[in-house]
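J.: Here the sequence shown stands for residues -20 to -1, 1 to 303, where the numbers follow mature numbering (1 follows the signal peptide of the UniProt record, and there is no 0).
Quick caveat, the hints were computed from the structure, so don't treat them as lab data. Hints may contain errors.
[Unchecked claim] In silico DSS-like cross-links for lysine-lysine, where the CA-CA straight-line distance does not exceed 25 Å: (1) Lys80 - Lys43; (2) Lys283 - Lys131; (3) Lys131 - Lys80; (4) Lys171 - Lys131; (5) Lys29 - Lys244; (6) Lys171 - Lys156; (7) Lys29 - Lys236; (8) Lys118 - Lys131.
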Amino acid sequence: MASLLATFYCLFVSLLVCRAQTTAAGVYVFSDSLVDVGNNNHLPLSLVKANFPYNGIDFSGNKATGRFSNGKNAADFLAERLGVSTPPPYLSQPNGTFVKGVSFASGGAGIFNTTDQSTISLPRQVGYFSTVSQRLAKEMGTKAAQEHLSKSLFPFVIGSNDIINYFQSNSDIGKKYTPQQYVTLIASNLKEMLKSRSTQVLVRGANPDRMCAQAKMLLELQSSELKDLNYSYFDTYNIFLDFIRNPSTYGFNETKSACCGLGKLRANLPCTPLAVFCSGRNGHVFWDVYHPTEAAVSIFIAKLFDASADYVSPITLQHLLSL
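Just need the whole structure built from these sequences, with the hints factored in.
T.: Below is the structure:
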(Lines of atoms letter the chains of each structure in order from A and count residues from 1; the text may use other names and numbers.)
(Lines give C-alpha, C1' and ligand atoms only; values in the text may rest on other atoms or scores of the structure.)
Protein backbone atom coordinates (compact mmCIF):
# COMPACT_ATOMS: atom_id res chain seq x y z
CA MET A 1 0.00 0.00 0.00
CA ALA A 2 2.87 2.36 0.82
CA SER A 3 4.31 1.89 -2.65
CA LEU A 4 0.93 2.62 -4.20
CA LEU A 5 0.75 5.88 -2.29
CA ALA A 6 4.33 6.80 -3.07
CA THR A 7 3.78 6.18 -6.77
CA PHE A 8 0.54 8.16 -6.85
CA TYR A 9 1.38 11.08 -4.62
CA CYS A 10 5.09 11.65 -5.02
CA LEU A 11 4.59 14.53 -7.42
CA PHE A 12 4.90 18.24 -7.90
CA VAL A 13 1.62 20.08 -8.01
CA SER A 14 1.63 23.82 -8.49
CA LEU A 15 -0.87 26.50 -9.35
CA LEU A 16 0.34 29.54 -11.24
CA VAL A 17 -1.74 32.67 -10.72
CA CYS A 18 -1.33 36.34 -11.59
CA ARG A 19 -3.53 38.50 -9.34
CA ALA A 20 -6.31 35.93 -9.62
CA GLN A 21 -9.61 36.56 -7.86
CA THR A 22 -11.94 34.05 -6.18
CA THR A 23 -13.88 33.96 -9.46
CA ALA A 24 -11.29 33.47 -12.18
CA ALA A 25 -11.66 35.08 -15.60
CA GLY A 26 -10.33 31.87 -17.13
CA VAL A 27 -8.60 28.63 -16.16
CA TYR A 28 -5.63 27.36 -18.20
CA VAL A 29 -4.61 23.87 -17.08
CA PHE A 30 -1.19 22.21 -17.42
CA SER A 31 -1.16 18.62 -16.18
CA ASP A 32 -1.02 14.85 -16.58
CA SER A 33 -3.72 12.18 -16.17
CA LEU A 34 -4.83 13.51 -12.78
CA VAL A 35 -6.55 16.42 -14.55
CA ASP A 36 -6.78 15.26 -18.19
CA VAL A 37 -10.29 15.91 -19.56
CA GLY A 38 -9.79 14.32 -22.96
CA ASN A 39 -6.68 15.52 -24.77
CA ASN A 40 -5.29 12.01 -25.06
CA ASN A 41 -8.40 10.98 -26.99
CA HIS A 42 -6.87 12.94 -29.87
CA LEU A 43 -3.39 11.36 -29.67
CA PRO A 44 -3.43 8.32 -31.99
CA LEU A 45 -0.02 7.05 -30.87
CA SER A 46 -0.69 7.23 -27.14
CA LEU A 47 -1.79 4.13 -25.25
CA VAL A 48 -2.56 6.22 -22.16
CA LYS A 49 -6.29 6.70 -22.63
CA ALA A 50 -9.48 6.59 -20.60
CA ASN A 51 -12.14 7.02 -23.29
CA PHE A 52 -13.67 3.61 -22.65
CA PRO A 53 -15.63 1.90 -19.84
CA TYR A 54 -15.62 1.71 -16.97
CA ASN A 55 -14.13 5.18 -16.79
CA GLY A 56 -16.88 7.79 -16.62
CA ILE A 57 -19.46 5.40 -15.20
CA ASP A 58 -20.64 8.13 -12.81
CA PHE A 59 -20.04 11.06 -15.15
CA SER A 60 -22.96 12.87 -16.79
CA GLY A 61 -24.58 10.43 -19.21
CA ASN A 62 -22.41 7.60 -17.84
CA LYS A 63 -19.95 8.46 -20.59
CA ALA A 64 -16.20 7.87 -20.73
CA THR A 65 -14.77 11.27 -21.68
CA GLY A 66 -11.06 10.64 -21.30
CA ARG A 67 -11.01 11.39 -17.57
CA PHE A 68 -9.14 8.78 -15.55
CA SER A 69 -11.95 8.59 -13.02
CA ASN A 70 -15.36 7.12 -12.38
CA GLY A 71 -16.74 10.67 -12.66
CA LYS A 72 -15.42 14.19 -12.28
CA ASN A 73 -11.76 14.88 -11.69
CA ALA A 74 -9.92 17.73 -9.97
CA ALA A 75 -10.29 20.05 -12.97
CA ASP A 76 -14.08 19.82 -12.73
CA PHE A 77 -14.28 20.48 -9.00
CA LEU A 78 -11.74 23.30 -9.17
CA ALA A 79 -13.73 24.99 -11.94
CA GLU A 80 -16.92 24.66 -9.90
CA ARG A 81 -15.31 26.36 -6.92
CA LEU A 82 -14.07 29.17 -9.17
CA GLY A 83 -17.47 29.65 -10.81
CA VAL A 84 -16.37 28.76 -14.34
CA SER A 85 -16.97 25.89 -16.74
CA THR A 86 -14.46 23.06 -16.88
CA PRO A 87 -11.84 24.05 -19.47
CA PRO A 88 -12.18 21.94 -22.66
CA PRO A 89 -9.29 19.84 -23.96
CA TYR A 90 -7.09 21.91 -26.26
CA LEU A 91 -6.83 19.23 -28.95
CA SER A 92 -10.62 19.10 -29.31
CA GLN A 93 -10.52 22.66 -30.69
CA PRO A 94 -6.89 23.36 -31.67
CA ASN A 95 -7.87 26.58 -33.46
CA GLY A 96 -9.96 27.96 -30.62
CA THR A 97 -9.40 31.24 -28.80
CA PHE A 98 -10.33 29.89 -25.33
CA VAL A 99 -11.21 33.13 -23.58
CA LYS A 100 -12.67 31.20 -20.64
CA GLY A 101 -9.74 28.81 -20.46
CA VAL A 102 -8.52 25.51 -21.84
CA SER A 103 -6.88 22.31 -20.64
CA PHE A 104 -3.53 21.20 -22.02
CA ALA A 105 -3.43 18.25 -19.59
CA SER A 106 -2.29 14.94 -21.05
CA GLY A 107 -2.26 11.55 -19.35
CA GLY A 108 1.29 10.23 -19.06
CA ALA A 109 2.87 13.66 -19.54
CA GLY A 110 5.90 14.81 -17.61
CA ILE A 111 8.08 17.82 -17.06
CA PHE A 112 10.62 16.30 -19.44
CA ASN A 113 9.91 15.68 -23.13
CA THR A 114 11.42 12.20 -22.79
CA THR A 115 9.04 10.99 -20.07
CA ASP A 116 6.44 9.86 -22.63
CA GLN A 117 6.94 11.15 -26.15
CA SER A 118 3.48 10.00 -27.26
CA THR A 119 1.77 12.47 -24.92
CA ILE A 120 1.82 16.26 -24.52
CA SER A 121 4.83 17.05 -22.34
CA LEU A 122 4.87 20.17 -20.19
CA PRO A 123 7.14 22.08 -22.63
CA ARG A 124 4.67 21.30 -25.43
CA GLN A 125 1.76 22.36 -23.23
CA VAL A 126 3.48 25.68 -22.55
CA GLY A 127 4.04 26.04 -26.29
CA TYR A 128 0.32 25.54 -26.92
CA PHE A 129 -0.42 28.19 -24.32
CA SER A 130 1.85 30.64 -26.13
CA THR A 131 -0.26 30.08 -29.24
CA VAL A 132 -3.45 30.69 -27.28
CA SER A 133 -1.97 33.86 -25.76
CA GLN A 134 -1.22 35.21 -29.22
CA ARG A 135 -4.78 34.49 -30.36
CA LEU A 136 -6.19 36.24 -27.29
CA ALA A 137 -4.04 39.30 -28.00
CA LYS A 138 -5.20 39.36 -31.60
CA GLU A 139 -8.88 39.09 -30.67
CA MET A 140 -8.96 41.24 -27.52
CA GLY A 141 -5.99 43.53 -28.02
CA THR A 142 -2.68 43.12 -26.22
CA LYS A 143 -3.55 45.17 -23.13
CA ALA A 144 -6.99 43.58 -22.66
CA ALA A 145 -5.53 40.09 -23.12
CA GLN A 146 -2.85 40.77 -20.51
CA GLU A 147 -5.49 42.03 -18.09
CA HIS A 148 -7.63 38.97 -18.76
CA LEU A 149 -4.77 36.57 -18.12
CA SER A 150 -3.80 38.46 -14.97
CA LYS A 151 -7.20 37.51 -13.55
CA SER A 152 -7.00 33.88 -14.68
CA LEU A 153 -5.80 30.77 -12.88
CA PHE A 154 -3.07 28.49 -14.24
CA PRO A 155 -3.03 25.09 -12.48
CA PHE A 156 0.09 22.96 -12.92
CA VAL A 157 -0.31 19.31 -11.85
CA ILE A 158 2.80 17.60 -13.12
CA GLY A 159 5.87 15.55 -12.18
CA SER A 160 4.57 12.18 -10.99
CA ASN A 161 5.30 10.42 -14.28
CA ASP A 162 8.87 11.71 -14.29
CA ILE A 163 9.39 10.17 -10.86
CA ILE A 164 7.63 6.90 -11.79
CA ASN A 165 10.02 6.59 -14.74
CA TYR A 166 12.98 7.06 -12.42
CA PHE A 167 12.02 4.03 -10.34
CA GLN A 168 11.33 1.67 -13.23
CA SER A 169 13.73 -1.27 -13.18
CA ASN A 170 14.97 -0.63 -16.73
CA SER A 171 15.40 3.13 -16.29
CA ASP A 172 18.66 4.65 -17.52
CA ILE A 173 17.76 7.77 -15.54
CA GLY A 174 17.98 5.82 -12.28
CA LYS A 175 21.53 4.80 -13.16
CA LYS A 176 22.56 8.32 -14.10
CA TYR A 177 21.19 10.28 -11.13
CA THR A 178 20.76 9.71 -7.41
CA PRO A 179 17.22 10.39 -6.13
CA GLN A 180 18.33 13.74 -4.71
CA GLN A 181 20.01 14.72 -7.98
CA TYR A 182 16.93 13.80 -9.99
CA VAL A 183 14.59 15.80 -7.76
CA THR A 184 16.94 18.76 -8.09
CA LEU A 185 16.84 18.38 -11.87
CA ILE A 186 13.03 18.26 -11.91
CA ALA A 187 12.74 21.27 -9.62
CA SER A 188 15.27 23.21 -11.68
CA ASN A 189 13.39 22.56 -14.93
CA LEU A 190 10.06 23.52 -13.40
CA LYS A 191 11.53 26.62 -11.79
CA GLU A 192 13.07 27.87 -15.02
CA MET A 193 9.75 27.42 -16.80
CA LEU A 194 7.92 29.36 -14.11
CA LYS A 195 10.54 32.12 -14.10
CA SER A 196 10.08 32.64 -17.81
CA ARG A 197 6.29 32.67 -17.69
CA SER A 198 5.05 34.35 -14.56
CA THR A 199 5.53 36.78 -11.70
CA GLN A 200 3.33 35.22 -9.03
CA VAL A 201 3.12 31.51 -8.24
CA LEU A 202 0.96 29.48 -5.93
CA VAL A 203 2.46 26.09 -5.08
CA ARG A 204 0.93 22.99 -3.61
CA GLY A 205 2.65 19.65 -3.38
CA ALA A 206 3.12 16.30 -1.66
CA ASN A 207 5.81 14.57 0.34
CA PRO A 208 5.29 10.86 1.04
CA ASP A 209 8.97 10.17 1.62
CA ARG A 210 12.33 11.88 1.94
CA MET A 211 12.56 12.37 -1.81
CA CYS A 212 9.38 14.41 -1.94
CA ALA A 213 10.31 16.23 1.27
CA GLN A 214 13.37 17.40 -0.61
CA ALA A 215 11.13 18.50 -3.48
CA LYS A 216 9.04 20.53 -1.07
CA MET A 217 12.17 22.21 0.28
CA LEU A 218 13.32 23.07 -3.23
CA LEU A 219 9.98 24.59 -4.11
CA GLU A 220 10.00 26.66 -0.94
CA LEU A 221 13.51 27.86 -1.72
CA GLN A 222 12.21 29.26 -4.98
CA SER A 223 10.39 31.92 -3.00
CA SER A 224 13.74 33.53 -2.22
CA GLU A 225 14.94 33.27 -5.83
CA LEU A 226 11.70 34.40 -7.49
CA LYS A 227 11.27 37.71 -5.75
CA ASP A 228 7.60 38.22 -6.64
CA LEU A 229 6.57 34.70 -5.64
CA ASN A 230 3.40 34.19 -3.59
CA TYR A 231 2.63 30.56 -2.80
CA SER A 232 0.65 28.11 -0.73
CA TYR A 233 1.96 24.59 -0.15
CA PHE A 234 -0.69 21.85 0.02
CA ASP A 235 0.34 18.59 1.70
CA THR A 236 -1.42 16.17 -0.62
CA TYR A 237 0.13 13.02 0.77
CA ASN A 238 -0.97 13.56 4.36
CA ILE A 239 -4.49 14.45 3.26
CA PHE A 240 -4.81 11.07 1.56
CA LEU A 241 -3.01 9.35 4.42
CA ASP A 242 -5.71 10.75 6.68
CA PHE A 243 -8.31 9.26 4.32
CA ILE A 244 -6.69 5.86 4.88
CA ARG A 245 -6.16 6.16 8.64
CA ASN A 246 -9.56 7.70 9.38
CA PRO A 247 -11.80 6.55 6.53
CA SER A 248 -15.11 6.80 8.38
CA THR A 249 -14.49 10.51 8.98
CA TYR A 250 -14.75 11.03 5.23
CA GLY A 251 -17.36 8.39 4.44
CA PHE A 252 -14.93 5.79 3.05
CA ASN A 253 -15.04 2.07 3.78
CA GLU A 254 -12.35 0.80 1.37
CA THR A 255 -8.88 2.30 1.43
CA LYS A 256 -6.68 -0.47 0.03
CA SER A 257 -8.32 -1.89 -3.07
CA ALA A 258 -8.80 0.06 -6.27
CA CYS A 259 -12.40 0.20 -7.47
CA CYS A 260 -11.64 -0.75 -11.08
CA GLY A 261 -8.93 -3.07 -12.34
CA LEU A 262 -7.74 -6.67 -12.27
CA GLY A 263 -5.54 -8.73 -9.99
CA LYS A 264 -4.65 -8.30 -6.35
CA LEU A 265 -6.46 -5.27 -4.91
CA ARG A 266 -7.57 -4.64 -8.53
CA ALA A 267 -4.18 -3.01 -8.96
CA ASN A 268 -2.24 -5.34 -11.27
CA LEU A 269 -3.97 -4.20 -14.45
CA PRO A 270 -5.69 -0.87 -15.24
CA CYS A 271 -9.37 -0.11 -15.61
CA THR A 272 -10.61 -1.40 -18.99
CA PRO A 273 -13.87 -2.88 -20.31
CA LEU A 274 -12.50 -6.29 -19.22
CA ALA A 275 -11.80 -5.18 -15.66
CA VAL A 276 -13.82 -5.77 -12.51
CA PHE A 277 -15.31 -2.67 -10.92
CA CYS A 278 -16.95 -2.03 -7.57
CA SER A 279 -20.51 -0.94 -6.88
CA GLY A 280 -19.88 1.25 -3.82
CA ARG A 281 -17.65 3.76 -5.53
CA ASN A 282 -18.32 6.60 -3.09
CA GLY A 283 -16.80 4.42 -0.37
CA HIS A 284 -13.50 3.89 -2.21
CA VAL A 285 -10.49 6.19 -2.07
CA PHE A 286 -8.92 4.78 -5.24
CA TRP A 287 -10.62 4.45 -8.61
CA ASP A 288 -7.74 2.57 -10.21
CA VAL A 289 -4.12 1.89 -9.31
CA TYR A 290 -3.08 5.50 -10.00
CA HIS A 291 -6.15 7.74 -9.67
CA PRO A 292 -8.61 8.68 -6.91
CA THR A 293 -12.36 8.32 -7.09
CA GLU A 294 -14.63 11.26 -7.72
CA ALA A 295 -15.59 11.16 -4.03
CA ALA A 296 -11.97 11.44 -2.90
CA VAL A 297 -11.19 14.25 -5.34
CA SER A 298 -14.18 16.30 -4.20
CA ILE A 299 -12.88 16.26 -0.62
CA PHE A 300 -9.35 16.95 -1.82
CA ILE A 301 -10.39 20.14 -3.65
CA ALA A 302 -12.52 21.30 -0.71
CA LYS A 303 -9.50 20.98 1.56
CA LEU A 304 -7.29 22.73 -0.97
CA PHE A 305 -9.48 25.80 -0.52
CA ASP A 306 -10.31 25.53 3.16
CA ALA A 307 -7.86 23.20 4.95
CA SER A 308 -6.17 24.15 8.22
CA ALA A 309 -2.50 24.95 8.69
CA ASP A 310 -1.90 21.22 9.24
CA TYR A 311 -2.21 20.72 5.48
CA VAL A 312 -1.84 24.14 3.86
CA SER A 313 0.91 26.67 4.49
CA PRO A 314 1.56 29.51 4.77
CA ILE A 315 -1.96 30.45 3.57
CA THR A 316 -4.95 28.68 2.03
CA LEU A 317 -5.76 28.80 -1.65
CA GLN A 318 -8.86 30.83 -0.82
CA HIS A 319 -6.64 33.41 0.86
CA LEU A 320 -4.06 33.41 -1.91
CA LEU A 321 -6.68 33.97 -4.59
CA SER A 322 -7.90 37.03 -2.71
CA LEU A 323 -4.50 38.72 -2.68
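J.: Enumerate the violated hints, using their earlier numbering and listing them in ascending order.
T.: none
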